[in-house]
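Chemist: Sequence:
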Amino acid sequence: MHRLATLWFSYKKCSVKELEEIGERLKPEIFVNDPRVDGYAIINTCNRVEAYISSDNSKAILEEVVNHHKFDKYGIFVGEDALWHLMRVACGLEAMMVGEDQILGQIKKCYLDSKKDGKIDFILDMAFDRAIKVAKRARTETKINEGSVSIGSAAVELAEYVTWGLEGKSILVIGAGDMGTLVARAISEKKLKAMFIANRTYERAKELAAEVGGKAAKLDESERYLSVCDVAISTTSAPHYVLDYKLMKRIMEHRINDDALLIIDIANPKDVEARVGDIEGVELYNLDSLYEISEENLKKRLSEVGKVEWIINEEVELFKKLLTRKEAEKLIAMLYEHGSRIRAEEKKKAIRYIEKGRDPKEVLDAFSHAVLFKTLHAPAMMIRNYIEKRSSVTEERCDECDNGVGDFIEFLMVELEKVLEDEKGNS
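Residue numbering for the sequence shown follows our numbering, starting at 1 and increasing by one per position.
Simulated from the structure, these hints should not be mistaken for lab results. Among these hints, one or two may not hold up.
As the list claims (entries may be wrong) - Per label pair, the in silico range of CB-to-CB distance:
1) K249 x K307: 49 to 59 Å
2) K115 x Y291: 33 to 43 Å
3) H69 x P35: 18 to 28 Å
4) W310 x E189: 27 to 37 Å
5) E20 x R185: 14 to 24 Å
6) E167 x Y291: 18 to 28 Å
7) D34 x K348: 36 to 46 Å
For each residue, glycine too, the CB sits at the ideal point set by N, CA and C.
Sequences and hints are given; from them, build the entire structure.
Modeler: This is the structure in structure tokens:
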């Protein structure tokens with residue numbers, strides 16, 4: 001499994017700006033033009049940039065990339081560690097918001113695009129396929145992705161809880177920036193009666209409304225929609241109150257909707273004056289309420305990490321068995337190809353000797369000896385070289401270099417590939 005390796009950068013070590021710069025520099029061309037690389041895939045998101053490669057010199061290649069581009073704040077994992085890392089990322093254990101689902105979709109897209117473009121070999125194919133499967137299993141068998149841990153998602157969860165479900169409700173999202181976008185996207189998945197997006201810049205409101213299937217509104221039209229909506233979530237970055245006591249008092253006095261108005265203020269500084277919560281018919285929640293929900297859900301998710309890691313460990317062991325089996329099948333096919341080529345060559349010689357009048361029994365005896373010796377010579381030498389290689393490895397590096405049967409098969413495959421290439425060149 002030493003062929004698999006990853007070079008990774010994430011929010012844990014890098015700023016968003018640094019990750020953007022790294023993403024611009026860590027391009028596919030680096031690996032496309034390197035004949036030593038058999039396959040590669042690059043994951044590029046706002047929180048991480050990771051390159052996965054398959055090569056006999058995987059670690060050395062990634063170290064060369066780091067040195068050439070003068071990267072810092074990075075990590076390199078090889079073999080089983082690289083597989084562990086990929087599976088942890090897919091399961092959301094390495095995410096800023098533990099257990100988030102978005103990264104799984106990003107990994108799946110990276111895998112499918114790379115496979116379609118012919119960029120991955122069978123090891124990367126297996127690694128990404130198993131990582132996606134283990135991530136789905138983790139989300140099915142544990143609660144790692146349950147509950148909202150981001151403020152935007154927590155606001156939607158709170159709205160659902162207070163209103164007994166958002167189906168058939170009318171929602172007003174005030175602000176179309178990053179937080180407003182997250183809220184609008186999350187809430188658009190519900191079966192709403194209507195969603196309105198109010199923003200200071202009307203063009204931006206129209207863009208977001210088009211994306212989520214809502215209706216755009218100018219910020220000064222909020223009063224009109226507040227009189228009919230069931231829920232208002234305010235997300236602006238305004239330095240002053242967007243909804244003050246006087247405005248909300250007037251709105252509630254002329255409100256068309258008979259139900260209470262739920263207002264969730266997730267802005268910092270606050271968009272809604274605290275006294276608005278004292279107005280009859282208004283339920284007001286702010287960031288403090290959401291932090292409590294977010295922290296409680298995060299605790300629940302963190303308690304599931306051990307279960308997910310147990311699943312990953314199980315899947316890593318399964319992957320090793322599957323890889324060994326696949327490599328064994330490939331090795332057997334290569335041995336048959338090697339033997340068949342020798343048999344064909346020796347058969348031609350035997351026919352020529354018989355046609356020249358040599359004793360058929362002598363020719364047949366020589367033919368059988370030649371086939372036996374030449375077929376077994378290369379594998380026998382490989383086994384000897386492997387044993388000598390193991391004997392020369394120091395105890396400190398023994399665990400790193402030896403992976404039992406899998407390591408032995410992988411070694412034979414590499415050596416036999418060289419023999420087959422030489423045979424093809426000489427034929």
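Chemist: All hints are to be evaluated individually against the structure, with a verdict given for each.
Modeler: Hints and how they fare:
1. K249 x K307: 49 to 59 Å: holds (51 Å)
2. K115 x Y291: 33 to 43 Å: holds (42 Å)
3. H69 x P35: 18 to 28 Å: holds (19 Å)
4. W310 x E189: 27 to 37 Å: holds (31 Å)
5. E20 x R185: 14 to 24 Å: With a Cβ separation near 22 Å, E20 and R185 satisfy 14 to 24 Å, so the hint holds.
6. E167 x Y291: 18 to 28 Å: Given a distance of about 27 Å, which is inside 18 to 28 Å, the answer is holds.
7. D34 x K348: 36 to 46 Å: Between D34 and K348, where Cβ atoms are some 40 Å apart, the hint holds.
No hint from the list above goes unmet by this structure.
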